[in-house]
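Residue numbers (my numbering), protein chains in the order written: chain A, 529 to 669; chain B, 31 to 414.
Among the clues, some could well be false.
Keeping only pairs whose Cα atoms sit at most 30 Å apart, straight-line, the calculated DSS-like set for lysine-lysine is [claimed, not checked]: (1) A/K586 / B/K248; (2) B/K43 / B/K105; (3) A/K586 / B/K335.
Derived CB-CB ranges, DEER-like [unchecked claim]: (4) A/E568 / B/R292: 34 to 40 Å; (5) A/K572 / B/S339: 42 to 48 Å; (6) A/G610 / B/R177: 50 to 56 Å; (7) A/A543 / B/E329: 35 to 41 Å.
Honestly, the hints are just simulated from the structure, not real lab data.
Ideal placement from N, C-alpha and C gives every residue a C-beta, glycine not left out.
As a plain string of letters, each chain reads:
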Amino acid sequence: MSVETAQGLTGSRCARCGNVAYPAASGCQRCGSTELTSLELALKGVVWAHTVQRFAPKSPPYVPPAEGFTPFAVGYVELPDGVRVEGVLESVDGEDLAGAEVVLVSTAPVPRFATSAWIEHSPRPDIGRTGAETAAKESAR
Amino acid sequence: MSSVSIIGAGLSKFGRQPGVSGRHMALQAIHAALADAGIAWPDVQVAFGGSDGSGLADTLVSELGLTGIPFTNVKNGCATGGSALVAAVNAIRAGQADIALAVGFDKHPRGAFDPRPEDWGLPAGYGEAGLMVTTQFFAVKIARYMREYDITEQTLARVAAKAYRNGSLNPNAWRREPLSEAEIAGAAMVNDPLTQYMFCSPGEGGAAVVVASEAAAKHLGARSVRLLSVATRTRGFGSFEVFSPAIQGLGTPTSVSTDAARAAFEAAGVAPADIDVAQLQDTEAGAEVMHLAECGFCEHGEQEKLIASGETEVGGRFPVNTDGGCIANGEPIGASGLRQVHEVVTQLRGEAGDRQVAGAPRLGFTHVYGAPGISACTVLEAVR
């Protein structure tokens with residue numbers, strides 16, 4: 529999936545039992561069927577659960593940002609499609625992420641979701657902008 | 031089905047042992063288990079074992095003696111010991127052998143495990159972004175659980191404090207210094223809500239168990255413990271595991287621990303309420319909390335009261351992780367499951383010294399859980 533043209537995350541839906549998978553699967557975890565159709569996942573969801581990564585993960589494989597490691601939130605976002613997707617979570621200081629509504633802002637290297645407050649106050653709105661992020665900005669307004 | 035007994039159990043020392051290889055720890059555990067059973071290596075008719083990253087178990091024959099018996103390597107993550115035990119028990123039930131050995135060992139380097147995304151079928155991006163960190167999974171799972179069932183951070187500190195306290199009573203434990211709940215809660219946060227002292231560390235150690243048929247146990251098993259059941263399971267649909275790019279399915283995730291525990295209880299013909307002493311996987315303090323309910327020992331949410339009232343202490347109604355568990359012993363992946371069996375065998379024989387559970391416990395239970403969604407459980411019965 530090209531980041532530049534990505535509008536969202538692509539998963540799959542099982543043609544037999546309807547189970548939704550992310551990333552797109554080659555076999556259904558629920559019923560074993562290999563009849564799967566591509567599915568563009570919703571851009572908005574709710575934080576199902578999260579934690580904060582307090583220490584810098586081992587490098588490699590971790591690639592810290594140019595300005596150095598700062599703790600980041602990571603968790604699962606429940607999408608209305610019926611799947612919970614793991615991603616990095618962006619919020620502003622003091623915001624409670626538990627159960628918060630978030631919007632997809634980028635898809636690579638992993639899905640990244642943000643609260644509307646973060647999107648409004650993003651210190652660097654030009655960085656990492658993707659189709660999804662532009663759409664998120666639009667939908668947050 | 032014919033009954034199978036554990037006639038010997040042995041451990042190496044646990045914790046850092048510079049200059050001692052994982053294989054050497056396996057040999058120490060095997061010799062301890064053989065001595066415990068009152069037999070010698072040539073008496074063993076079939077063997078199974080493995081490590082996650084410290085070598086092949088069947089190479090141990092060069093030090094044990096080349097008796098020519100079938101020795102099969104097992105590699106099944108945290109269930110390595112449990113899977114070796116299943117194979118040993120099945121060999122006896124199938125009439126292949128009267129005496130069988132299961133062994134597990136590992137010697138991990140310092141620090142967190144170092145998994146590669148491609149080994150887990152994930153895009154390299156998960157590593158670049160800092161998501162290939164096992165501790166994140168445990169933190170996310172307990173964070174959700176605490177919110178759903180009103181479990182407090184104090185309960186996590188209590189569970190960890192119990193582990194260090196029990197470790198201080200166990201001469202073979204790695205961590206033998208008791209730590210207060212305040213020290214644990216105030217330690218560096220690793221992944222919220224879990225602090226440094228709430229986690230177990232990858233460690234070093236070996237564990238071995240000798241199982242025997244009814245006939246062999248009659249001759250040899252003066253101190254035997256009956257193995258009522260052993261069950262392993264791989265994750266079912268809808269489970270939430272480490273390194274999952276998504277959780278599929280709707281509602282509360284399923285638990286492979288629930289599946290394995292249920293299978294073990296059904297095969298043993300006993301209920302969770304019958305168990306007098308248990309070992310539950312405590313990768314971190316929250317895991318012990320959740321596994322209490324996932325294995326059927328209480329309802330979800332009851333742990334808060336149960337733990338606060340001291341029921342899971344050595345002196346409580348239902349002692350859990352009496353040897354200090356993974357938190358005090360560390361986690362050599364291959365050895366953990368059989369260490370648990372060793373502890374319950376020791377408790378059921380009444381030989382646990384300062385940490386002995388009072389009242390002559392009759393039934394014991396062990397449970398391991400590990401990535402990427404495997405669990406092994408046993409039910410053990412004292413023979414008096």
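Here is how each hint holds up against the structure:
A C-alpha spacing of about 53 Å is found between A/K586 and B/K248, which places the hinted pair above 30 Å, so the restraint is violated. Among the hinted pairs, B/K43 with B/K105 is consistent with the structure: their alpha-carbon atoms are about 22 Å apart, no more than 30 Å. Our distance criterion of 30 Å between C-alpha atoms is broken by A/K586 and B/K335, whose separation comes to about 38 Å. For A/E568 and B/R292, the hinted distance range of 34 to 40 Å is satisfied, since their beta carbons lie about 39 Å from each other.
A C-beta distance of roughly 43 Å is found between A/K572 and B/S339, which places it inside the suggested range of 42 to 48 Å. Checking the proposed 50 to 56 Å range against A/G610 and B/R177 shows it is violated: the Cβ atoms sit about 21 Å from each other. Range check, A/A543 to B/E329: about 38 Å between beta-carbon atoms, so the 35 to 41 Å window is met.
Figure legend: structure checked against the earlier numbered hints; hints not met, in rising order: 1, 3, 6.
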